[in-house]
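**Student:** Spelled out, the chains give:
2 protein chains.
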Amino acid sequence: MAAVITAVMIIDCLQYVAPSETVFRQMREGSVDAVHMTVGYHEDFLGVVQNLQDWNAWFERFPDLIHRATTAQDILDAKAKNKTAIMFGLQNPLAIGADLGRIEILHQLGIRFCQITYNQQSLLGAGCFEPVDSGLTAFGREAVSEMNRVGMVVDLSHAGHHTAMDVIAHSHRPVTVTHANPYQWHAAPRNLQPELIKALAQSGGMMGFSLYPHHLADGSDCSMEQFSQMVMELIADHGADMFGFGSDLCQGQPDSVVNWMRNGHWRKVPVPAVAFPDQPKWFKDNRDYPDIAKSLVKNGISSEDVDGIMGKNWMRFIEAAFKPDGKESS
Amino acid sequence: MAAVITAVMIIDCLQYVAPSETVFRQMREGSVDAVHMTVGYHEDFLGVVQNLQDWNAWFERFPDLIHRATTAQDILDAKAKNKTAIMFGLQNPLAIGADLGRIEILHQLGIRFCQITYNQQSLLGAGCFEPVDSGLTAFGREAVSEMNRVGMVVDLSHAGHHTAMDVIAHSHRPVTVTHANPYQWHAAPRNLQPELIKALAQSGGMMGFSLYPHHLADGSDCSMEQFSQMVMELIADHGADMFGFGSDLCQGQPDSVVNWMRNGHWRKVPVPAVAFPDQPKWFKDNRDYPDIAKSLVKNGISSEDVDGIMGKNWMRFIEAAFKPDGKESS
Chain U
1 MAAVITAVMI IDCLQYVAPS ETVFRQMREG SVDAVHMTVG YHEDFLGVVQ NLQDWNAWFE
61 RFPDLIHRAT TAQDILDAKA KNKTAIMFGL QNPLAIGADL GRIEILHQLG IRFCQITYNQ
121 QSLLGAGCFE PVDSGLTAFG REAVSEMNRV GMVVDLSHAG HHTAMDVIAH SHRPVTVTHA
181 NPYQWHAAPR NLQPELIKAL AQSGGMMGFS LYPHHLADGS DCSMEQFSQM VMELIADHGA
241 DMFGFGSDLC QGQPDSVVNW MRNGHWRKVP VPAVAFPDQP KWFKDNRDYP DIAKSLVKNG
301 ISSEDVDGIM GKNWMRFIEA AFKPDGKESS
Chain S
1 MAAVITAVMI IDCLQYVAPS ETVFRQMREG SVDAVHMTVG YHEDFLGVVQ NLQDWNAWFE
61 RFPDLIHRAT TAQDILDAKA KNKTAIMFGL QNPLAIGADL GRIEILHQLG IRFCQITYNQ
121 QSLLGAGCFE PVDSGLTAFG REAVSEMNRV GMVVDLSHAG HHTAMDVIAH SHRPVTVTHA
181 NPYQWHAAPR NLQPELIKAL AQSGGMMGFS LYPHHLADGS DCSMEQFSQM VMELIADHGA
241 DMFGFGSDLC QGQPDSVVNW MRNGHWRKVP VPAVAFPDQP KWFKDNRDYP DIAKSLVKNG
301 ISSEDVDGIM GKNWMRFIEA AFKPDGKESS
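If you read the protein sequences in the order shown, they are chains U and S. Using my numbering, the first residue of the first sequence is number 1, and each one after it goes up by one. Using my numbering, the first residue of the second sequence is number 1, and each one after it goes up by one.
Next up, chain U with everything else stripped away, as it sits in the complex:
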């Protein structure tokens, strides 16, 4: 079982932790090889640039703990040096504006994941909380094709169902939902309909399991057994290769941040203030990943499948997806 406890790779394909030495050391304690880190919610282009500058300062300050990653090789290099690779992504395409050329610029700045939208309507498509989901827009089709071309992974988390299905039909490269769970397990607007999971599976896409309490059955009280059961049922339907983690961990952020996430600067009257929910007791921070791997095996998932889910599946996906179009298998 030792091979499982220290899984071959651990990749968390979505976090929004407040960066700190403490968090970086916890990543190392948890043997987390790579994290996809959000660098944009409601920020415009210059706001995203500022967030990247702030990350540059963290890389300069802690070169022994974290490593800026824009290729699969960067992740392997980080692992070889006992560092955690940090990949960048946007939860909102706002920084693109209405300018197709900004996608390659953002890619050149290191952004490797980009959501179609964040909860509401974007210029690309509709969010899962938008009253009407009109699907992928004309600009959205252009943007998805351009992301395909440069090697920026389309992330359907927070998209509306119809918009997400449109993207999968339009994209000629596999796409992701980095952080969500099945709607049939927990009926949250952010979770995924069976049809969408099936379409992801059939198109070579990936789905990352969210560990954010609002996406979990029984919320903060969700047990590891409940979570394992959900994973097992998905594996029974689709095999294990398309699954990984995208925890949505927001460790260290003040509650003002969850309110900013919900309201941005677009609502005159913000929705009532809420606090971040308590994390499930089996996933407080990055240090818990090795035990999660152990528990998944204990609860009946094969060691091989658990290895894939902990990181190998994301690694395989990233290796192809970060390359420019046409170079996936080179």
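For the record, the hints were derived by calculation from the structure and aren't laboratory data. Fair warning: this is a prediction, and the values are worked out from it, not measured in the lab. It is possible that part of the hints are untrue.
Stated by the list, open to error - Label-pair restraints from in silico Cβ distances: (1) 170(S) to 284(U): 45 to 51 Å; (2) 284(U) to 326(S): 19 to 25 Å; (3) 324(S) to 329(U): 30 to 36 Å; (4) 63(S) to 265(U): 38 to 44 Å; (5) 138(S) to 60(U): 17 to 23 Å; (6) 324(S) to 202(U): 42 to 48 Å; (7) 60(S) to 131(U): 35 to 41 Å; (8) 60(S) to 170(U): 47 to 53 Å; (9) 25(S) to 252(U): 53 to 59 Å; (10) 304(U) to 80(S): 41 to 47 Å; (11) 214(U) to 268(S): 56 to 62 Å.
Stated by the list, open to error - Covered stretches of chain S (in silico footprint by chain U; criterion: 3 or more residues with CB under 8 Å from a CB of chain U, positions within the stretch not fixed): (12) 52-66; (13) 102-111.
Where is the CB? At the ideal position from N, CA and C, for every residue including glycine.
The hints should help you fit chain S onto chain U, whose structure is shown.
**Tutor:** Showing chain S alone in chain U's frame:
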């Protein structure tokens, strides 16, 4: 003599040509391996980003002619594939604003050269047309150190003499004047005092010969013999290794551009409209480089020195200078 006509490498370390298929094909006809292309005069950060987007579109359109270069290896790769490597630089640090972190962001966007200023006072230092040259500013010292750290080459072209001398004293990595000639050969404010050329030589810096008529003795009528004589005198004083070309070619730009260069958006009453001067007849465009190499040899410079000046000297400099600080010799 054939080895000279097709010199081992041809690098032009400053142009501001209007990009076009015609120009790219001329670069190939001239066997030009790499060009440092200006992507910012009076533009702010977003203006520079727009210029980079425009270049991305050119790379996408002519993948068989030009190749985006951010490392010495990119130049070698371009050469191996019979393409011209395009490196990016700023003639004005305006895009940095007063934000030190912007330097690494611009570096991550592919910028590899940055001038201290463009003719007037910048936040970093004084230009060669500024009434008072107060030298490198406090922020300028920080900015030079940060450029040293990330591997962005400091370019002293258009700087005031005192500012330029300050930079050489402060910088702990070699710096450049990408495009200028000796003041003693042609007394233009943009040309270099002997003290500055000597300081560049002693610090491992590089000087690129400008072929812009205002920087040449007898302007547009400067002969290849006059030019060769100037080069020979410099070699006699300093050896050939610190010299290369930075032609300042502005081919294809309308005369409105030269007026915009001089006035930007900062003068209420622009200086009187001027036109681009005629190029000397031996350097109309990139196709003339092989003949220039031949003429330099004919006029008495050794083949070995000409090979260096045509490109090998810049290549050696770039190989060290584009690496992050401390990795120059790795």
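**Student:** Against each hint, give a clear statement of whether it holds in the structure.
**Tutor:** Hint-by-hint comparison with the structure:
The hinted window of 45 to 51 Å between residue 170(S) and residue 284(U) holds, with their beta carbons roughly 48 Å apart. The hinted window of 19 to 25 Å between residue 284(U) and residue 326(S) is violated, with their beta carbons roughly 38 Å apart. Between residue 324(S) and residue 329(U) the Cβ separation comes to about 31 Å, which falls inside the hinted range of 30 to 36 Å. For the pair residue 63(S) and residue 265(U), the supplied restraint of 38 to 44 Å holds, since their beta-carbon distance comes to about 40 Å.
As the Cβ distance of residue 138(S) to residue 60(U) is approximately 21 Å, the hint placing it in 17 to 23 Å holds. A hinted range of 42 to 48 Å holds for the C-beta pair residue 324(S) and residue 202(U), which are about 44 Å apart. Separation of residue 60(S) from residue 131(U) is about 38 Å and conforms to the stated range, judged on CB atoms against 35 to 41 Å. For residue 60(S) paired with residue 170(U), a C-beta distance near 20 Å fails the hint of 47 to 53 Å.
Checked against the hint of 53 to 59 Å, the pair residue 25(S) and residue 252(U) passes, with Cβ atoms roughly 55 Å apart. Between residue 304(U) and residue 80(S) the Cβ separation comes to about 42 Å, which falls inside the hinted range of 41 to 47 Å. A beta carbon spacing of about 58 Å between residue 214(U) and residue 268(S) agrees with the range 56 to 62 Å that was offered as a hint. Under the rule that three or more residues need a Cβ within less than 8 Å of chain U, the assignment of the segment 52-66 of chain S holds, with 5 such residues.
With 6 residues bearing a CB less than 8 Å from a CB of chain U, the segment 102-111 of chain S meets the requirement of three and the coverage assertion stands.
Against the hints set out earlier in the document, violations occur for numbers 2, 8.
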